[in-house]
Amino acid sequence: MAAAPWALRAASFVVVFAAWEYAGRLPVNPAFPPFSDTLVAAGEMVADLSLVAALGVTLWPLAVGVALSSLAGVAAGVAMGLSRRAEWLFVPVFIVLQAAPLAALIPILVLAYGVGLLSKVMTVCIMAMPVIVLNSFKAIRHAPSSLIEMGHSFLGSRRQIIAKVILPAASPVIFAGLRLGLAAGFIGAILAELLISPTGIGDLITYHQSVADYPKMYAAIATVIVLSVLFIGLLDRAEIALFRPERRSAR
Amino acid sequence: MKAIRLARVAFATAALLFGLSVQPAPSAAQPVQVSLGDTVSVETLAMVIALERAKEKGVDYKLTSFAKEDLAIQAVIGGQADLGIATPYAVMEKTKAPLRGLFQLTHLVFFAVADKSIKDWKALDGQPMTFHARGSGTEAIGNILAARNGIKFGQRNYIAGSENRLVAMMNGQIKATILDLANKNLLLQKGGDKFHVLPGLPNPASDEILYATTAWIGKNGAKVDTIVEEYYRLWTEMAKNPAMIEAERAKRGLLKDQPKEVLANVTKFYTQGVQEGVFSKNGGGPEAVKSDFDFYVEAGHLKGPAGALKVEDYWTLGPLEKARKKVGS
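Each protein sequence line maps, in turn, to chains A and B.
For the first sequence, the numbering used here assigns the number 251 to the last residue and increments by one with no breaks.
For the second sequence, the numbering used here assigns the number 329 to the last residue and increments by one with no breaks.
A few of these clues could be false.
Said to hold, decoys possible - Across the chosen pairs, the derived CB separations fall in these ranges:
| hint | chain 1 | residue 1 | chain 2 | residue 2 | range |
| --- | --- | --- | --- | --- | --- |
| 1 | A | 222 | B | 71 | 16 to 22 Å |
| 2 | A | 12 | B | 265 | 57 to 63 Å |
| 3 | A | 242 | B | 304 | 54 to 60 Å |
| 4 | A | 27 | B | 123 | 35 to 41 Å |
| 5 | A | 115 | B | 64 | 27 to 33 Å |
| 6 | B | 152 | A | 49 | 18 to 24 Å |
| 7 | B | 265 | A | 43 | 47 to 53 Å |
Claimed, not checked - Residues of chain A placed beyond 10 Å of chain B at every Cβ, according to the derived structure:
| hint | residue |
| --- | --- |
| 8 | 29 |
| 9 | 43 |
| 10 | 75 |
| 11 | 89 |
| 12 | 117 |
| 13 | 119 |
| 14 | 162 |
| 15 | 206 |
| 16 | 209 |
| 17 | 211 |
| 18 | 227 |
| 19 | 228 |
| 20 | 236 |
Said to hold, decoys possible - If you want the ones that stay clear, here's a sample from chain A, every Cβ over 12 Å from chain B, calculated:
| hint | residue |
| --- | --- |
| 21 | 85 |
| 22 | 108 |
| 23 | 155 |
| 24 | 179 |
| 25 | 237 |
Simulated from the structure, these hints should not be mistaken for lab results.
Beta carbons are placed, not taken as given, at the ideal position from N, Cα and C, and that holds for glycine.
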């Protein structure tokens, strides 16, 4: 029975790829290539290094944006969770940012930050930051009061209660926010490359679309999805290794 | 067993997701769906007037503007649109999509412009060059001109829109680029002392063509004939008297939301366009298609070799010949 989860996971991939292959072979649309063609195209793009070079370009604003959003976002969320004043001051800003349609904001970003790296980093931050901040804020605010009271009865200082009670209790939801933030950051990075100036993976998508090389276009899109899933998986592992001893032993 | 049931549910869901992208083709009673890979503006006005005239002859239409030409082409391939206005050669070859050209609307009339410090093509060897987008018509022209002049460009930059490249030239951010007719004229008018035009290609290839799927052409012969005839009629009238476009626009109340200053330029735009050969004079034909093959193979959009490509695999010329006989030249 131990192999069952893996078998089911593998089965879900097989089913989706089989449906993709079938739809591509019908074809549902001459511009929709089968899975096998897309895989071959991805192989070609890895071999000629165009995919690797493009990823290098795309990952740069993504990494800077996500790192900034994670550090500043968790700090801001924790501050808002601990202080009512910080909450009143900042929560509305992040709720508005989360609700704003990013594609419509891009012209303003370009106006303010130009067409270079900075506007792409800002796009990633606008996508990733609100979800990280709001999750961190809720996580801190909803730390179990019984545990906090226990800390008080053991005469813990405020600093001790925050470091040893509130933050550990909040960490699962903070990490959930980071995972969502990372996924949103990927969306932001690709949107920026499609809407501001075509570079990296965004350039591969638009270029192969314009010369009608659809297998390569879908390979570029699929690469982003695979990479996003891989990074989120890695973050999950990191969380378990660093903060969740109970889940580590359960494995 | 549970796993098999789960797999079935997953397969059904995935099939539904992929299947949903298939749209039923509109029935014959519905208006002809036209997909335009551009906004309706002064530049595309003549194309809309021809459709309006076809409507008066009983062929109703509905025009949809797409943000990108590639999406407009995909709408026709996917069956959501019947007629398209774009450059679909690469799509025709690579996807084996059953698309056929019907009428050549415009030529790729673009001009390589440079700062006067760059005297000729040779001086551009190894220098940065700015195009509209990777794989675009402007880059195709640049590649061919570079190859014919025995040079290689240095860094390639991309700025979408001739009007934006014009601004970059005026601001001194770039020293050489390729502009459309209107913006080339504006550049020389504003900075004729600083900029000049480098020699271009003698026979420009097709830019926008009217096209449809073979299935739709087969089922809608009468509609195709009427539409192609109206395009041919308007294009021959326009070649004789470009000012008629503004008269037709005013008569039909088109582009009413545009400011007066923009509308004041309609006649100028079409007069220059006819003079410089932006608008096709005869809607194309076998010779024009063959020269398109040469151009797009050289530009890398078609694999070729150009001599091996067949006109009938890319164009359905019957309706155009009928229109030519009926309207006369």
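Hints and how they fare:
1. Between residue 222 of chain A and residue 71 of chain B the CB atoms are about 20 Å apart, so this pair conforms to the stated range of 16 to 22 Å.
2. Distance hint check: the CB atoms of residue 12 of chain A and residue 265 of chain B are about 58 Å apart, consistent with the given range 57 to 63 Å.
3. A hinted range of 54 to 60 Å holds for the C-beta pair residue 242 of chain A and residue 304 of chain B, which are about 58 Å apart.
4. Between residue 27 of chain A and residue 123 of chain B the Cβ separation comes to about 49 Å, which falls outside the hinted range of 35 to 41 Å.
5. Distance hint check for residue 115 of chain A and residue 64 of chain B: the Cβ-Cβ separation is about 29 Å, which falls inside the suggested range of 27 to 33 Å.
6. Hint check: residue 152 of chain B to residue 49 of chain A, Cβ distance near 20 Å, so the stated range 18 to 24 Å holds.
7. At about 51 Å, the beta-carbon gap between residue 265 of chain B and residue 43 of chain A stays in the expected band of 47 to 53 Å.
8. Listed as outside the interface, residue 29 of chain A is inconsistent with that label: its C-beta sits roughly 5 Å from the nearest C-beta of chain B, within the 10 Å cut-off.
9. Once the 10 Å rule is applied to beta carbons, residue 43 of chain A is consistent with being away from chain B; the minimum gap is 18 Å.
10. Annotated as non-interface, residue 75 of chain A keeps its C-beta farther than 10 Å from every C-beta of chain B; the closest such distance is 38 Å.
11. Separation of residue 89 of chain A from chain B is adequate, the least Cβ-Cβ distance of about 39 Å exceeding the 10 Å criterion.
12. Separation of residue 117 of chain A from chain B is adequate, the least Cβ-Cβ distance of about 15 Å exceeding the 10 Å criterion.
13. For residue 119 of chain A, the requirement that its beta carbon stay farther than 10 Å from each beta carbon of chain B is met, with the minimum near 15 Å.
14. Listed as a non-interface residue, residue 162 of chain A keeps its Cβ farther than 10 Å from every Cβ of chain B; the least gap is roughly 44 Å.
15. Not every CB of chain B lies more than 10 Å from the CB of residue 206 of chain A, the least distance being 7 Å, so the non-interface label is violated.
16. Consistency note on residue 209 of chain A: stated as away from chain B, yet its beta-carbon is not over 10 Å from all of that chain's, at 5 Å minimum.
17. With a least CB separation of 5 Å from chain B, residue 211 of chain A falls inside the 10 Å interface cut-off, contrary to its annotation.
18. The beta carbon of residue 227 of chain A sits about 21 Å from the closest Cβ of chain B, which is more than 10 Å, so the claim that it is off the interface holds.
19. Even its closest Cβ contact with chain B, about 19 Å, leaves residue 228 of chain A beyond 10 Å, as expected for a residue assigned away from the interface.
20. Remark: the non-interface label on residue 236 of chain A is consistent with the geometry, its nearest Cβ contact in chain B lying 22 Å away (cut-off 10 Å).
21. Separation of residue 85 of chain A from chain B is adequate, the least Cβ-Cβ distance of about 44 Å exceeding the 12 Å criterion.
22. With a closest Cβ-Cβ approach of about 18 Å to chain B, residue 108 of chain A is found to remain outside the 12 Å limit, as its non-interface label requires.
23. For residue 155 of chain A, the requirement that its beta carbon stay farther than 12 Å from each beta carbon of chain B is met, with the minimum near 53 Å.
24. Separation of residue 179 of chain A from chain B is adequate, the least Cβ-Cβ distance of about 23 Å exceeding the 12 Å criterion.
25. Separation of residue 237 of chain A from chain B is adequate, the least Cβ-Cβ distance of about 25 Å exceeding the 12 Å criterion.
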